[in-house]
Amino acid sequence: MERLATKTIPCAECRQGIQTRRDLAVAGKLLQPYHRSCINSPVSKLGRLHRFYGTFPLGGRFWLWLLVGNVLLTMVASREFVYSWTVVLFWIAFNLVFVTARVGVYLSYERHLEE
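Take the sequence shown: its letter number 84 is residue 84 in this note's numbering, and every next letter is one higher.
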């Protein structure tokens, strides 16, 4: 697979470029990019708000949390004698939202950064 040309991903807090995937943290409802150090000790009100709500899990942590969420949903659904459509639709929406967000983060930020 060909490597795309790197582009500068500016940190939402300090406005400096993020160079590596290891330094990337994504936070906020709009999944904005931050340096890990900037989101750990933000100065701006928006940065403090994003830190309060937490960062979007990246890499292996994302897949682990998705697996945990699916196990919990399965445990809730297994308590029902019959799977209701509500549970099935919620399970589909849960996976669709988070996997779509993860793919969006990869396409928007990660593929342009160095390992």
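These are calculated hints, taken from the structure and not from any lab test.
Here the structure is a predicted model, which is why all the values come from computation and not from measurement.
Some hints could be false.
[Claimed, not checked] Cross-link-like lysine-lysine pairs, in silico, DSBU-like; alpha carbons within 35 Å at most: (1) Lys7 / Lys29; (2) Lys45 / Lys7; (3) Lys29 / Lys45.
Tested hints:
1. Lys7 / Lys29: Distance of about 23 Å is within 35 Å: holds.
2. Lys45 / Lys7: Distance ~27 Å between lysine 45 and lysine 7 Cα, so the pair holds.
3. Lys29 / Lys45: The given pair, whose Cα atoms are some 15 Å apart, holds under the 35 Å limit.
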